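Asks: Residues per chain are reported as follows:
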Amino acid sequence: MLVLLIVSVALHLVLVELGLFVFGPGGARTEPLIGWSLSLGGVPVAAQSLAIYATSVLVVLVLYVLSERTLYGKALRAAAINATGARLMGISAAMAGRIAFLLAAIIGAITGVLVSSVTMIYYDTGFLLGLKGFVAAIMGGLVSYPLAAVGAIGLGVMESFAAYFASAFKEAIVFSLIIPILFWRSLATFRLTDDEE
Amino acid sequence: MSTRRFLPVLTIAAILVAPIVASEYALTILTYIGLSSIVALSLVLLTGKGGLSSFGQAAYVGIGAYISAWFTLNTALSPWQTLPLIVVVVAIGAWLGALITVRLSGHYLPLATIAFAVAMYFVFGGSDIIGGMTGLSDLPRLTIFGYELHTATHSYLLVWIVLLAFMGGVRNILDSRVGRAIRALRGGVVMAESMGVDTIKAKVQIFVIACVMAAITGWLYAHFQRFVSPAAFSLNQGIEYLFMAVIGGAASIWGAIVGAGLITSLKQVLQDTLPALIGKTGNFETVAFGVIVIVLFHVAPEGLVAAVQRKLGWTALPGRLRPPDAALPTRERVAPGAAMLEVTGATKTFGGVVANHDIGLTLHAGEILALIGPNGAGKSTFFNLVTGVVPADAGTFAFRGTAVAQLAPRTVAALGVGRTFQHVRLLPDMSAIENVAIGAHRRGRKGLFAALFRLDRDEEARLFDEARRQLERVGLGAHLWTEAGALALGQQRILEIARALALDPQVLLLDEPAAGLRYKEKQDLAALLRELRAQGIAILLVEHDMDFVMKLADRVVVMEFGETIAEGTPAEVQADPRVREAYLGGAE
Chain A
0 MLVLLIVSVA
10 LHLVLVELGL
20 FVFGPGGART
30 EPLIGWSLSL
40 GGVPVAAQSL
50 AIYATSVLVV
60 LVLYVLSERT
70 LYGKALRAAA
80 INATGARLMG
90 ISAAMAGRIA
100 FLLAAIIGAI
110 TGVLVSSVTM
120 IYYDTGFLLG
130 LKGFVAAIMG
140 GLVSYPLAAV
150 GAIGLGVMES
160 FAAYFASAFK
170 EAIVFSLIIP
180 ILFWRSLATF
190 RLTDDEE
Chain B
0 MSTRRFLPVL
10 TIAAILVAPI
20 VASEYALTIL
30 TYIGLSSIVA
40 LSLVLLTGKG
50 GLSSFGQAAY
60 VGIGAYISAW
70 FTLNTALSPW
80 QTLPLIVVVV
90 AIGAWLGALI
100 TVRLSGHYLP
110 LATIAFAVAM
120 YFVFGGSDII
130 GGMTGLSDLP
140 RLTIFGYELH
150 TATHSYLLVW
160 IVLLAFMGGV
170 RNILDSRVGR
180 AIRALRGGVV
190 MAESMGVDTI
200 KAKVQIFVIA
210 CVMAAITGWL
220 YAHFQRFVSP
230 AAFSLNQGIE
240 YLFMAVIGGA
250 ASIWGAIVGA
260 GLITSLKQVL
270 QDTLPALIGK
280 TGNFETVAFG
290 VIVIVLFHVA
300 PEGLVAAVQR
310 KLGWTALPGR
320 LRPPDAALPT
330 RERVAPGAAM
340 LEVTGATKTF
350 GGVVANHDIG
360 LTLHAGEILA
370 LIGPNGAGKS
380 TFFNLVTGVV
390 PADAGTFAFR
400 GTAVAQLAPR
410 TVAALGVGRT
420 FQHVRLLPDM
430 SAIENVAIGA
440 HRRGRKGLFA
450 ALFRLDRDEE
460 ARLFDEARRQ
470 LERVGLGAHL
480 WTEAGALALG
490 QQRILEIARA
500 LALDPQVLLL
510 DEPAAGLRYK
520 EKQDLAALLR
530 ELRAQGIAIL
540 LVEHDMDFVM
550 KLADRVVVME
560 FGETIAEGTP
570 AEVQADPRVR
580 EAYLGGAE
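Sequence order for the protein chains is A and B.
Take 0 as the starting number for the first sequence in numbering that gives the first Met the number 0 and just add one per residue.
Take 0 as the starting number for the second sequence in numbering that gives the first Met the number 0 and just add one per residue.
In case anyone wonders, no lab produced these hints; they're calculated from the structure.
Computed from a predicted structure; not experimentally measured.
For glycine and all other residues, C-beta sits at the position ideal for the given N, C-alpha and C.
Keep in mind that the hints are not guaranteed to be accurate.
Stated by the list, open to error - Partial list, computed: chain A residues near chain B (C-beta under 8 Å): (1) V6; (2) V114; (3) L128; (4) G129; (5) L181.
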């Protein structure tokens, strides 16, 4: 498991540097997909922002249907819970891994398309964004899509406040958030179990 | 053979002689390799031995470096005076952090360390008091007795002597009672706790040690380079440290130097040659570096040191056993017939499945009680309830007449209950005798500091003598120094029994000990169990081999579908119609 994690980190380094080579060090910002904005109770809201929320909900729904209602989704969950047992039932754990990787990559790419009009994008922006996504997912216990989404909103609110009150430490505060959450989770979930080797 | 014994000595000699032959440039590179080696060594302990992976070591290097930098620039403290401050601050911080994180399993810990590394990077870069992104410069050099260490040779020698001292310390810790507890973590918490090891404590210990080692590296780094800035302590650096440890071989303390040397020189070579090779500048060295790392993991996933050792056919060298000054203290013998373990109303459900319903039994000193039943009858669940591995829904568990709530496995072990596992749980790359010594964990007392300064040798001699005695008793006397993974399955089962015996148990719980044994081995096992019974040990046996059970057991309890269906002598049980039905199907 450790080797897999480390190899994926090595792959990350390769991809980031290739990104630097292809896109260069300068930032880029795209036109929004949907240009107009509307006023909600006097607050101007860009349609693009609404589109982001709508897409998030859609992705959560699609993932839910895929993992709960389709055979491939069930195979994926089975492989995650018990790889050996799943393989004995004819599920290829490697295939499950590829599908999970593919889905995660597609969602990442969709995020990139949506976010590129909201903030300046650099070749390595995805890393911090992904890490924040991870913090949010931990808030949801890494098992629930809607909880992860709720966590992400909470994280965003925290980040906005942090940016206002202590802008130099904005990122530090966001990533330190993980510590109380982990503490809470370690109290809630500790059981004597062995990780699968 | 003898060259292998002298290899470490030769390496150390080469390290000390290097300044005479190496250029100043080479010495500077070697100094950086030495610094990285200390951090990689901390990860060998944490990741390779303890199974906890951390991407956050660079942040701890940074904390050490920044504390010393700020205090030496802004107060009258000298670097030597900031060193104890660093050790205390980082030890307390790492201890608090460890309490939170080491309980987490799976991906949580490595990912939490990534988040910590990123947070610390922004703290370093965002704090104006320590120079923000530009950092702090003009730090004082280290002095020894008023003499300033100002040449490349000085720094090189200081760093490598500190590294060698740490290597000695880590080796001492690993080769001790505490070290075996740490290494047992990789065999899974259930096994370690069942042998009486406090796994949380072991994890916290290695986490604190690793963080303090990293912080001391930061202190060396700050006063060698005389300049600190956030970039040197970023997540990328933390990732690189982990690469070094894992590529060199996280299972060996020499792997730290090999990995640090390889990664540092690889980066240097790529930086020097690639731009010329490709003809234009760019960050191709990082791309090439990442690709090479991935390829190395495919070629040698267990690390280069282990891969080379395997290629050369090197197996573990036998250790030397010192005659002990005394035997380990033993528990009192219990008179045969005394009730050792009384269970009533043990109940456990998993979802809708009732694995155990209202099971009760009494196990007496000097008897062999067999628990039998078809597959899925709930025998293993019962085993796990008694040993505290699985929490019971209901039931009382009394040990030697004292009723106790269900206990944790560690406490059960401390009470004198030894057990074996249905699926063998040994540390395959550790010698048989060390595996057995884990069983005697609770019979020793020496802790971390005694191990570090080798004040535990007398106790170690006693523990190893006991382990040797138990191995010889079960017939594995010829395999003391064989790696447990190299033994045949039957021998591994017997090894688990020796490990349980090293606990000096009054109660022995054996989960299918005869599975996978040949006829002769089964006879030897039966003879051993009879001998243990004669000594007053209470033995609970789960076993499928009916011939083995019926010849050996004094009483038999039969389970089916989570309930007790019969209890009595082997003859009574064999005559019981319900037992016949359970095993052979109903006669209709």
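Asks: Should the hint that G129 (chain A) touches chain B count as held when the rule is a Cβ pair under 8 Å?
Replies: Violated - the Cβ of G129 (chain A) stays beyond 8 Å from chain B, reaching only about 10 Å at its closest.
Asks: Is the interface hint satisfied for L181 (chain A)? The criterion is a beta-carbon contact with chain B at less than 8 Å.
Replies: 6 Å, holds
Asks: Quick check on the hint: V6 (chain A) CB to chain B CB, less than 8 Å?
Replies: 5 Å, holds
Asks: Tell me if L128 (chain A) is really an interface residue toward chain B, meaning its C-beta lies closer than 8 Å to one of theirs.
Replies: Check failed: Cβ of L128 (chain A) comes no nearer than 12 Å to chain B, outside 8 Å.
Asks: A closest beta-carbon separation below 8 Å is what the hint needs, so does V114 (chain A) meet it against chain B?
Replies: 19 Å, violated
The structure does not agree with the numbered hints 2, 3 and 4 stated previously, though it agrees with the rest.
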